[in-house]
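If you want the building blocks of each chain, they are given just below.
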Amino acid sequence: AQSVTQLGSHVSVSEGALVLLRCNYSSSVPPYLFWYVQYPNQGLQLLLKYTTGATLVKGINGFEAEFKKSETSFHLTKPSAHMSDAAEYFCAVSESSGDKLTFGTGTRLAVRP
Amino acid sequence: GAGVSQSPSNKVTEKGKDVELRCDPISGHTALYWYRQSLGQGLEFLIYFQGNSAPDKSGLPSDRFSAERTGGSVSTLTIQRTQQEDSAVYLCASSPRQGARGRTEAFFGQGTRLTVV
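Each protein sequence line maps, in turn, to chains A and B. At position 97 of the first sequence the residue is numbered 123 (the working numbering), and the sequence of numbers has no breaks. At position 86 of the second sequence the residue is numbered 1119 (the working numbering), and the sequence of numbers has no breaks.
It cannot be assumed that every hint is accurate.
Unchecked claim - If the Cβ cut is set under 10 Å, some of the chain A residues that face chain B in the computed set are:
# : residue
1 : PHE60
2 : TYR62
3 : ASN67
4 : LEU70
5 : GLN71
6 : ASP125
Unchecked claim - When the alpha-carbon atoms are kept at most 20 Å apart in a straight line, the in silico SDA-like pairs for lysine to any residue are as follows:
#  : chain 1 : residue 1 : chain 2 : residue 2
7  : A       : LYS84     : B       : LYS1044
8  : B       : LYS1044   : A       : GLU121
9  : B       : LYS1090   : B       : GLU1077
10 : B       : LYS1090   : A       : GLN28
11 : B       : LYS1090   : A       : SER29
12 : B       : LYS1044   : A       : GLY69
13 : B       : LYS1090   : A       : GLU121
14 : A       : LYS84     : A       : GLN28
15 : B       : LYS1090   : A       : SER122
As the list claims (entries may be wrong) - Which chain A residues face chain B? A few, computed with CB under 10 Å, are given here:
#  : residue
16 : GLN32
17 : GLN64
18 : LEU72
19 : PHE116
20 : ALA118
21 : SER120
Derived by calculation from the structure, the hints in this document are not laboratory data. We put the CB at the ideal spot given by N, CA and C, even for glycine.
Generate the whole structure from the sequences, applying the supplied hints.
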């Protein structure tokens, strides 16, 4: 069975500071990995995904994530936080194309002025 | 529209009543998913439809929950004899058919906020 662990339900950073949101997964097969963002009162929007190939994946809004098989991790980073980045972020894993996603419990990011 | 559409956006119901939540997936998407998002609980998988295959119902929390997908398109999630613990946001998503590893993104609707009073 697949699972996702997101360390830190709440993360607070200053505007301009590095954003690091942690995600570790378990999967019995090479995983597909995703980060989704949910702004207040909105649905989930895909930030980025890893399926195959390059392990450093770039997404929208300046976010990127690196797939590290040896660490079973897929941490999300952004060099400089912006106030508009305040949202809830979900890491997810699936085991095949179009298969169901298993989500982590989410990390709420706050950005301080 | 171009995205996943869910209706109603908000539903308030009395305990013990049945409710139906509707999802219109993106045209041509063969996979459809229902998730439940409760406060502090993250996103809980409920059910998954893929083409003409038997649905994966492994996430349904009780036999009061059921879902169907008609004609490979619209899906309805039904909750019978609602309880207060059913209060949550119910999210629907769809994705393209299984195939190349690149075609894996699930597109989510805005959700239906269900409140059982």
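Violated constraints from the hint list, given by number and in increasing order = 7, 8, 14
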